[in-house]
Amino acid sequence: MSDHSVAHGTFIVERTYNHPVEKVWAAWARSDLKRQWFGGGADNPPKVFEFRPGGRESSEGTIPNGPTFNFDVVYQDIVPNNRILYNYDMHMDGKKISVSLAAIEFWPEGRQTRLKLTEYGLFLDGLDNVAQRKEGTVGLMDQLGRFLDGTR
Amino acid sequence: MKPRSVTHASFTIKRSFKQAPDRVFAAFATESNKQAWFHGPDEWGRDKHEMDFRVGGRETSVGGPPGGPVSSFRGIYQDIVPDERIVFSYDMDLDGERISVSLTTIELKRDGAGTHLTYTEQGAYLDGWDHPDGREQGTRDLLDNLERYLGQN
Chain D
1 MSDHSVAHGT
11 FIVERTYNHP
21 VEKVWAAWAR
31 SDLKRQWFGG
41 GADNPPKVFE
51 FRPGGRESSE
61 GTIPNGPTFN
71 FDVVYQDIVP
81 NNRILYNYDM
91 HMDGKKISVS
101 LAAIEFWPEG
111 RQTRLKLTEY
121 GLFLDGLDNV
131 AQRKEGTVGL
141 MDQLGRFLDG
151 TR
Chain H
1001 MKPRSVTHAS
1011 FTIKRSFKQA
1021 PDRVFAAFAT
1031 ESNKQAWFHG
1041 PDEWGRDKHE
1051 MDFRVGGRET
1061 SVGGPPGGPV
1071 SSFRGIYQDI
1081 VPDERIVFSY
1091 DMDLDGERIS
1101 VSLTTIELKR
1111 DGAGTHLTYT
1121 EQGAYLDGWD
1131 HPDGREQGTR
1141 DLLDNLERYL
1151 GQN
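Each protein sequence line maps, in turn, to chains D and H. Be aware that the first sequence starts at 1, since it is given in this note's numbering, and climbs by one per residue. Be aware that the second sequence starts at 1001, since it is given in this note's numbering, and climbs by one per residue.
Source of the hints: derived by calculation from the structure; they are not laboratory data. Since the model is a prediction, treat every value here as computed from it, not as a measurement. Treat the hints with care, as some may be off.
To be verified - With a Cα cut of at most 25 Å, we get these calculated DSS-like pairs of lysine-lysine:
#, chain 1, residue 1, chain 2, residue 2
1, D, K23, D, K116
2, D, K116, H, K1002
3, H, K1048, H, K1034
4, H, K1014, H, K1109
5, D, K95, H, K1109
6, H, K1109, H, K1034
To be verified - So these bits of chain H aren't anywhere near chain D, every CB distance computed over 12 Å:
#, residue
7, R1023
8, A1113
9, H1131
Claimed, not checked - Pairwise CB distance ranges (calculated):
#, chain 1, residue 1, chain 2, residue 2, range
10, D, L140, H, G1067, 44 to 52 Å
11, H, N1153, D, E60, 42 to 50 Å
12, H, G1112, D, N44, 49 to 57 Å
13, D, K116, H, G1067, 33 to 41 Å
For every residue, glycine included, the Cβ atom is placed at its ideal position computed from N, Cα and C.
The shape of chain D in the complex, shown without the other chains (with noise of 0.2 Å):
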């Protein structure tokens, strides 16, 4: 036999924003913001940015000396202000390392938004881990904390 293995793990990211959700919402829906906060960055934008059910993202990053991963979305349910649900597949190097489903709900308080990120993930052959996407995710919405509190 192979050393194939598929490994099931669950997290869930929550985060209070002090922003209206309307603004929260274009931080994921808009290309020209999202970009600014998730995964490479400004100047390494998606290559393909669909937001829309049944839409694709596709994005390449390289670390320094290091591996090229490839995150390939399909959005499969999109409610304005309120929810967001797509799977996505991970690659490095070229090999799969992980196909998921994220779900992001999002909750108006008053001038505040609740988001609550609930995420299911197959990790595959040994080669990503659970504990370790759940630390990329918290690390994620904390910088949408950041590129929220320092834009208008």
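Given the coordinates of chain D, assemble chain H onto it according to the supplied hints.
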């Protein structure tokens, strides 16, 4: 319109089949094989089913009871290892309303002359249209169909 809600849930079903992994895998891997067991109750009649079984390929199945609501399944294959595993995401619509988004893993392991199958599904059930218990039961019914199909072919 129903109030917006997302219910997160997962289920796992384990089955043993007498047939070897390549036989069980084949039941998932070609359109004609899959159509023989992957369908709704007999009274629904034949669903409209199309499948492109490769990574990135799509699958659709549209059907329902005569005169009743139309269920649409739309899947995309995300990982395939022959005779070992199949990973796909899918969404379900009922009369055009999205009712769920799910990620499914099917793992096959040789077990003597037969196969041990583990079916794991994580779902987000939307706006109260469907619920995890119903989906798990529907999946058990499909795997019963699969067992009968394998026994007859």
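Cross-check of the supplied hints:
1. D:K23 with D:K116: Given that 25 Å is the threshold and the Cα spacing comes to 16 Å, the pair holds.
2. D:K116 with H:K1002: 21 Å, holds
3. H:K1048 with H:K1034: Distance ~13 Å between K1048 (chain H) and K1034 (chain H) Cα, so the pair holds.
4. H:K1014 with H:K1109: Measuring from Cα to Cα gives roughly 11 Å; hence the hint holds.
5. D:K95 with H:K1109: The given pair, whose Cα atoms are some 22 Å apart, holds under the 25 Å limit.
6. H:K1109 with H:K1034: 20 Å, holds
7. R1023: 17 Å, holds
8. A1113: 15 Å, holds
9. H1131: 16 Å, holds
10. D:L140 with H:G1067: 44 to 52 Å: 48 Å, holds
11. H:N1153 with D:E60: 42 to 50 Å: Given a distance of about 44 Å, which is inside 42 to 50 Å, the answer is holds.
12. H:G1112 with D:N44: 49 to 57 Å: 51 Å, holds
13. D:K116 with H:G1067: 33 to 41 Å: Between K116 (chain D) and G1067 (chain H), where Cβ atoms are some 39 Å apart, the hint holds.
Comparing the model with each earlier hint shows no violations; every hint is respected.
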